[in-house]
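Place chain B on chain A using the hints.
Protein chains in written order, with this note's numbering: chain A, 43 to 437; chain B, 43 to 437.
Treat the hints as calculated values from the structure; they're not laboratory data.
Keep in mind that the hints are not guaranteed to be accurate.
Where chains are identical, the list cannot tell them apart; a pair therefore holds if satisfied intra-copy or between any two copies.
[Unchecked claim] 25 angstroms max Cα-Cα, derived SDA-like pairs, lysine to any residue:
| id | residue 1 | residue 2 |
| --- | --- | --- |
| 1 | K375 | G167 |
| 2 | K316 | Q149 |
| 3 | K375 | S179 |
| 4 | K379 | E148 |
| 5 | K316 | M146 |
| 6 | K213 | G73 |
| 7 | K375 | A78 |
| 8 | K313 | D95 |
| 9 | K309 | D273 |
| 10 | K213 | V344 |
| 11 | K316 | P87 |
| 12 | K309 | T107 |
| 13 | K213 | Q249 |
| 14 | K309 | A93 |
Note that the structure is predicted; figures quoted are calculated from it, not measured.
Number of protein chains: 2
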Amino acid sequence: MQTVDQTRDWLLSRARVVTTTETVSLLDAVGRVLAADLVSTLDVPPHDNSAMDGYAVRAVAAAETLPVSQRIPAGTVPQPLADGSVARIFTGAVIPPLADAVVMQEQAEVQADGSVRFGAMVKAGQNIRRRGEDIASGQVVLACGQRLRDADLGLAAAIGQPQLSVYRPLKVAVFFTGDELVEPGQPAAAGQIYNSNRYWLVPALRQLGCEVIDLGIIADTLTATRTALRDAANLADVVMTCGGVSVGEEDHVKAAVEAEGELQLWKIAIKPGKPLASGRIGEADFIGLPGNPVSGYVTFAVLVRDFLRARMGEQEQGRAAVRLLPAAFEWLKPDVKREEFLRVRVMERDGQWVLQRFANQGSGVLTSCAWADGLARLQPGQVVQPGDLLPVYPL
Amino acid sequence: MQTVDQTRDWLLSRARVVTTTETVSLLDAVGRVLAADLVSTLDVPPHDNSAMDGYAVRAVAAAETLPVSQRIPAGTVPQPLADGSVARIFTGAVIPPLADAVVMQEQAEVQADGSVRFGAMVKAGQNIRRRGEDIASGQVVLACGQRLRDADLGLAAAIGQPQLSVYRPLKVAVFFTGDELVEPGQPAAAGQIYNSNRYWLVPALRQLGCEVIDLGIIADTLTATRTALRDAANLADVVMTCGGVSVGEEDHVKAAVEAEGELQLWKIAIKPGKPLASGRIGEADFIGLPGNPVSGYVTFAVLVRDFLRARMGEQEQGRAAVRLLPAAFEWLKPDVKREEFLRVRVMERDGQWVLQRFANQGSGVLTSCAWADGLARLQPGQVVQPGDLLPVYPL
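Chain A with its partners taken away, still in its complex shape:
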């Protein structure tokens, strides 16, 4: 058996970033992975401007009572400040040449003749937002390998960028084998089970931004499985299956991958989980998840998701999302050999955020995964008492 971290590192080391990029307009770019640094070609703000509604002045002259020589709303181009005068100015408006401070209007007394007196000391530079203070021309505002969020697109717009260079979507082909599988909506005969893996895996891949090629259920023969693998490998960057990779299982995925490419079968010290297949078919990667839905779901969340993210060009794969939170449960019979990922939910109790665990941690059905919002990671043999801090992987 090898550890979760060993497996994760091995998978990440094999993640070849897709090389093709494409240009998308900002409104289509959310969730995509940026393929080049975005460098600003302008200063933001573009000019020194006023942080207040008030008066632009020269600080050295501001002790006098001074006439107002011009009015500068936002969006206009000011004249140089006439000697011995002030300018009426509004928030965001460009500071006139020769002025070096803004006095807020609340600190100005307007005289009967329209000239103004200031009630406070005026310091050079006050209430001026400097050109380039937010973003300097030449600055990298978004980094290659970032997955683009809503605020990133607002930021790109703020520097005038209408489109971005992103990696093309990763193509992932999936299929499911097992004569016992029935699609939901069909009647299930005795001993048959519904194909639940398809219905969490396809949405999970789509939410990562993958283009999914869903080949559905493939007949449980070696020939059909080999054909499906070849077809999938021709269409996709990554081929994924669920099931057929445990010792003693009767279907043909293992033999078919070995015949069509190369297979590495892992026994991982993870619970739920354990078997994970990895390999190559032609130019495509192969990932074989365990067939049990809970095992498959946890293995995907802990190991495969980050491999796919790296494969898509994402630089940071969500380690920072892990949090330490106190358990509100006990766990007295740990697995002694395997790391265990308990399905937990973050709950508020007495104003504190604590972890509750789903009562039934068996790997029978996806109830625990649907209920949970995280996976609490336990080391082999780790007993949990209420209050113990556990690292939690978000789901």
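Only chain B this time, still in chain A's reference frame:
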């Protein structure tokens, strides 16, 4: 000024859930909000079945050496167990009538004549997964008002459900006013700024599952603004604008909403932020965000997002997502009147998760929001020292 929580509660109290529902297939249901409890019509597992590869026996007879009377792979229908015999059985296979325990194969000695002896005590019920142990017929497996995640869809599939009843998408119309606004890709004259609000707001709404009607930039006249509001209110459930709702601003949103419907203008004790408009135009809700992008972004994240979620039928609006984390910074000049939402990032330091803040917390440009993965909430006047625990809203 009113508090953030008062405003949030008021908005939530006015959130009328969309009443129309629609039926979608499972693979189209991720991110949608469930409009009715999903009740299982079957037991999972559907029969008592074996948790192991081994032998099905009657516990009272298991001390004997017993012949194997049948072989039961998964997916087949067993015969009642013949008296004085055992059945070879595999994981997931149905327990034959009259058997009441399974002995794992590692504890069975197969004799030369094919009969078996067990090396350990056999207890009635052992290694049997009971019918309905995971899900009982009649049980609610997904609750009305849940936003559907990948595992939920796997769970629905596991009980044979091919489609789900969900609320129709919320229609949100947006437009932007201000003659100083330029679309990215266009040259910006002196004093003009790029319309960044459109590019974070539209993706943010789409990611919530809203159907966005994007009316773009509307000319800065009262007539055009009133026409846009009327059109938007006819098309959408919610009309949103950015800007034009501060005291002293020169554009026409405020006057136009007052003319076309009713307007409630809030001064909220929130920084960045402060003005928020709320109202009605015909049957549509109106939300006017502050025009400053950072203020608008924070106001949306803290107040408006949950209103929209509730409006979409979602029962739980993400309070549980808030976490307490220790600050790795100091903050010595708090706003004395307003709650402050600092843009922070969760970082690992010495094996601990801590909060770093973006250096420039001004509301000039979206850099801080793009950089951040959370908003740390400070009370008015709250000074922060390193190590202080702060509640963090995820972005």
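Hint-by-hint comparison with the structure:
no., hint, result
1, K375 - G167, "between (66 angstroms within a copy, 20 angstroms between copies)"
2, K316 - Q149, "between (71 angstroms within a copy, 22 angstroms between copies)"
3, K375 - S179, "neither (59 angstroms within a copy, 30 angstroms between copies)"
4, K379 - E148, "between (71 angstroms within a copy, 19 angstroms between copies)"
5, K316 - M146, "between (67 angstroms within a copy, 19 angstroms between copies)"
6, K213 - G73, "both (15 angstroms within a copy, 21 angstroms between copies)"
7, K375 - A78, "neither (49 angstroms within a copy, 38 angstroms between copies)"
8, K313 - D95, "between (63 angstroms within a copy, 19 angstroms between copies)"
9, K309 - D273, "neither (28 angstroms within a copy, 61 angstroms between copies)"
10, K213 - V344, "within (20 angstroms within a copy, 36 angstroms between copies)"
11, K316 - P87, "between (55 angstroms within a copy, 22 angstroms between copies)"
12, K309 - T107, "neither (84 angstroms within a copy, 35 angstroms between copies)"
13, K213 - Q249, "both (13 angstroms within a copy, 22 angstroms between copies)"
14, K309 - A93, "between (62 angstroms within a copy, 20 angstroms between copies)"
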